[in-house]
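The hints should help you fit chain B with the ligand onto chain A, whose structure is shown.
Here's the letter readout for the chains.
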Amino acid sequence: MRHYDQATFSEDDSPVYERLLSEKFGTEVAVEDTPLPDELTRDTLELPAPAEPELSRHYVRLSQQNYAVETGPYPLGSCTMKYNPPFTEDVAADPSGMVHPDRSAESVQGNLELLYQLQEYLAEIGGMADVTLQPPAGAAGEFTGNRIAAAYHEAHDEGHRSEVVVPDTAHGTNPASAAMAGYDVVEIPSGEDGRVDLEALEAAVGEDTALFMLTNPNTLGLFERDIEEIAEVVHEAGGLVYYDGANLNALLGRARPGDMGYDIMHYNVHKTFATPHGGGGPGAGPVGVVDELTDFLPNPQVDKQGEDFELVEPEQTIGKVHDFKGNWLVLIKAMAYIARLGDSGLCDTSASAVLNANYLAEQIDLEIPFDPFHHEFVASAGDLDASNMAKRMLDFGVHPPTTKWPEIVSQALMTEPTEAESKQSLDQLADAFNGAFNAGDEELSSAPHRTTARRIDQADAARNPRLSWHALDDE
Amino acid sequence: MSRSPFAPNAEADESAMLDAVGVSDVEELFDIPEKDRFDGEFDIEARSEPEVKALVSDMLAENDDLTEFMGRGYYDHYVPSVVDRLSMRSEFLTSYTQYQPEVTQGFLQALFEYQSILVELTGLPVANASMYDTASGLAEAALLASRIRQADGTVVLIPDYVRGDRVSVLENYIAGHDIQIERFATDDGTAGLDALEAAIDDETLMVYVESPTTRGTIEEHLEAIGDFAHDHDAMFTVGSDPVAMAILEAPGDLGADVVVGEAVLGMPNAYGMGLGIFATRDDYLRHVPGRLIGIGDDQDGNRAFTLTLQTREQHIRRERATSNICTNQAWVALRMAMHASQLGPDGLTDLATEMVELPRQLAGELDELPGIEAPVHDRHHFREFVARTDEPAESIVDELESAGFAVQAVDEHELQFTVTETNQHAIPDLVAAVEEVVA
Ligand SMILES: Cc1ncc(COP(=O)(O)O)c(C=O)c1O
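Quick note, the sequences are listed as chains A and B, same order.
When you line the first sequence up against our numbering, it's residues 1 to 475, in that order.
When you line the second sequence up against our numbering, it's residues 1 to 439, in that order.
In isolation and in its complexed conformation, chain B is listed as follows:
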């Protein structure tokens, strides 16, 4: 049998160890009945390190090299090299959850700082140390709402613009609970206040809206929506992201009880891998899902960081835990805090400002072209916008793909374009390509 390159015992050590254990062959240590033994082969050939690298890079080279103008909940921002360098330090990368805080102060402090950055951005006093993604955060918010107000409503109201995939995840999480989802209509790309007013009643458990929305619009009436929710004792949950919240009024200051979303910072485009943020009010502290980092004095009277309020969690509370989450996205949270700190408040607000200006610019240029109208919504936008096309959107997407661009079709005659600092340089080429295709 050839050895694993990552199992360091030399043969001499191994025989000494076998002797110590009192067996002559390691196989004797396996207490597996004959009938349960696997005597086949996986047919996976062992490879050298360079061979594996070549294998994967040959595979990935099969991807088309397209310039993406895609978003709808997942965004590409430039992540500075310092974030890679620091987060890749093996002291961070190869540690785990801080069950022994005395030897993991470094990561605990970093997560505490992550929580603090989120508190500042969301305007809410409690932020956890990560969820998997926006969808699971949203689902946890709905479950939290139902735990807190068990006796009352059961309906989660969600505007039409929310990504179908996100709603599908939510459906899975609520399926075993007495919670239903009801969609309500949008009004020119943002939550329709009339539709919401018609839909909301004492059966309502939670109202969810996003700002920026999946369609790139900025909600202008968060406070009024929050008031509707609170008038019916419903919880108000807002989806947003740290870049947008750098300039938008903090959702917590507008009545949000929970803020969820993608961290966006710290993680470049990674085929959907990210980090779900989750922040809430003090009142719900003991119902929060996931890890929380707090502060306690150590024996010498020094300030020290520690996991806290663990009695909420699965390893203690089991089926009565606030959530099943264990392994989370901590390392992405570390990267997020690094990225936000590298930008600082000036850098982050500048970036956010650009995210308002760039879609305006691109929409303006596309709107000049025949066969396309942009933006569809007469709203403020962040990073992205929807455009209406004369030709079917799907066929435009296909043709743009042949021309080297990836954009999203969101309806029969609707395309969505997302622009950030990472693809801004390609705006002229994109506009030229669109002109060719829609003409």
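Just chain A, same shape as in the assembly:
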């Protein structure tokens, strides 16, 4: 079995963890002699005050205690943790693009041209008529899509439509976004084959249906072969169909949501288009719509008139969904990535992603109840606890899959290696899967052993929330 170690540190002989900034450098200063009257100002401020060399060491050490795509395979299902090419960082750092969001359109033609180009790329890739780049993440895109659907129904005197339908395999953000937009969520059980059950869908939709949300391939990695019938059922009932773009990596260049009957979609550019996930964000969640819905897009849209780019307000716009223009630096990187790959590179991306998932699946001893899958598969840990298995995989030096979701696979391990892994690293991942799967109970429940921290008492963390160093003062 292959192993490679996590970086671990010991400071003195006690905890492996580096001390907090506050413990090392906490400094309180008096706030006085400001030009403001005393009654408006605070008395003291306590913050860390490391000298810059100390600051550097602090964060370099923290970085060494962090797993990332560039430290090893990261097959976190649904998250598409692919390689983030560094040239996109250089491109995004161009000082010419670093402008205030309220600049006049005439004075930022460069930014607008880039955004327009990205709108065009994404519209083409998704088969949509137009795209807004404003939503700052996938979930924000879903919310935007829900608002567009609401505006559309209202414009057609169908404002009473109060329900959004999702399959039980939907990502948590789908129902959460619908609820945030004020919709009641109706969940339908998947069919035995792991896909949408047309009968269940027919029974669920009706005159209250505003929207049906569905990713494709779905979260089991299966292509929804009935997608056109599905769209027809929803359209018949007067609803719209939403594509959750989290799984677009599987379709790049081979199939387009807009051609399958979807009306609205978001793109997770931090997944499909390789912008780095940054420890949780930022991402961007552009939203594409078909012709009938372009008037409802958020304000403003970038448009081209002759040689000039302008900001225009769509006629029946839902208004704004971000304070300014969304996550600009992320959008630049996505645009650069697409321009680098072009048609052929995009098409190869989906091919390699699907081959990698299928190859990895072939190498592991776990059962995979649903197939044929594409860029990801959901394996079952069987009698084992999937979280325990994941913890043991950490000891093999790899990041484990997404665990215990979707729930229709018992003890699910949702695995998405992406196109960025080589055969060799897939073999290593397979070793980790099999090593953990074939481990004994004791070995699993005591894992991980070789990581910076051992298993953490989650119940205690939640029961006794300590959310800042102020809460540690008494310890």
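For the record, the hints were derived by calculation from the structure and aren't laboratory data.
Treat the hints with caution; some may be incorrect.
Said to hold, decoys possible - Pairs of lysine to aspartate or glutamate, EDC-like flavour, derived with a Cα cap of 20 Å:
#1 K35(B) <-> D308(A)
#2 K304(A) <-> E62(B)
#3 K404(A) <-> D193(A)
Said to hold, decoys possible - Over 12 Å on every C-beta distance to chain A, these chain B residues come out as not near it, computed from the model:
#4 D160
#5 A195
#6 H230
#7 E365
#8 H377
#9 E391
#10 D411
#11 E414
#12 V438
Idealized CB from N, CA, C, for every residue including glycine.
Same frame as chain A, but now just chain B with the ligand:
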């Protein structure tokens, strides 16, 4: 088919893999019905790395190189190089949400430290690990208010000075809920206490004010506004930012139940990309949107960091989650914590002090000129102020743009000027240009 440069399998590996899977061609692995296949072209030409760099830099070079004196909720502060160097480390940049805390202690600790810095600045004990922006934070505050006091009022009171775009985002978030927005008048650039008193009643769900405000003024009566709100059982939400809070009395100490705003630190001007802060009281802990980093002992009894209270979140609670947010602005939060620590409390209070002095200085100089009066409001200012002009503001903006400056028109005869350490050097040139234009 030409290969993606970021898919490393060599051809030999690929055929071994195809063999292992038992197909002869990768196309056989796609279970997509013929009718759903896309057989067209995107017509996107593949480019080399230098070609892409040239493509983008040629585009961005089309921007006019203007010296900006712009703000109204988005500000440019100098971000030290050390922040770029450290935050760009790929261990940070290319990781994701810390679902496996045992191998992501580094980022978790950094976010814990970010939360702590926010707790200190806001005076509130709970800060989340980021929202997208101020607007979504404000919207989440309104939704939190309605969850907590479902039975009572439904009206969110917002002063006139709040940016229209921000209100528009809020409108989207509340549209599907029984919440309404009511604006109330300002009094010389800050929240009008009389107008607020007239507007507030038991229908009020939440009162929102900003300090500094969108017009650059500092609210002088936060405590009284908070009392009004609490007298009607309404929630009190304050918009502010970490630089201002370094010297202003902490909103939490003045009765704020929620603090939202732009982090401002850590992110230079990036066409509006930033980070929304969100802090609140302990009472609302289980209603907080977004990620929270806490502490738990590990199996060896060591202190360890972890995502906590995840049962609030969408991946567990689905449609009953406190929010839909998943991917957030964590990397910007990391940068914010780095920047704040690099400044330290002395550096940060010095910066904040400058942000009071600089607008005073610029307003004073502009006020000397004929045709312009500055500041319009007889208030303390932070970073920015509104000026009144004899000539129409829009035409002044256009002329200043031709002269190489970007400022904001906020009304027919009102301009807004924002000054920080990054554009301070250009004050003399700006004043000369304004003199030319307004004369
Ligand atoms: C299937 C699916 N849908 C939606 C989302 C939400 O996207 P984001 O995290 O960008 O908000 C995710 C990812 O986290 C996802 O995996």
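Holds or violated: K404(A) to D193(A), with C-alpha atoms at most 20 Å apart: holds (19 Å)
Non-interface claim for E414(B), where every Cβ of chain A lies beyond 12 Å: holds (14 Å)
Least C-beta distance between E365(B) and chain A, which was stated to exceed 12 Å: Correct as stated: the minimum Cβ-Cβ distance to chain A is 17 Å, above 12 Å.
Status of the stated non-contact between E391(B) and chain A (beta carbon gap over 12 Å): holds (18 Å)
Given as non-interface: D160(B), which should sit over 12 Å from chain A by C-beta: Holds: least Cβ distance 18 Å, greater than 12 Å.
Assertion that D411(B) lies outside the chain A interface [Cβ separation over 12 Å]: Fine: 15 Å to the nearest Cβ keeps D411(B) off the interface.
Hint consistency between K35(B) and D308(A) [alpha-carbon to alpha-carbon, up to 20 Å]: violated (38 Å)
Claimed clearance of chain A by H377(B), with the beta carbon kept past 12 Å: holds (15 Å)
Consistency of the no-contact label for A195(B), given chain A and a CB cut of 12 Å: holds (21 Å)
Status of V438(B), Cβ more than 12 Å from any chain A Cβ: For V438(B), whose nearest Cβ neighbour in chain A is about 19 Å away, the distance exceeds 12 Å, so it holds.
Pair hint outcome, K304(A) versus E62(B) [Cα-Cα no greater than 20 Å]: holds (15 Å)
Minimum Cβ distance from H230(B) to chain A greater than 12 Å, as the annotation requires: Label holds. Min Cβ-Cβ 20 Å, cutoff 12 Å.
Comparing the model with each earlier hint shows a violation of hint 1 alone; every other hint is respected.
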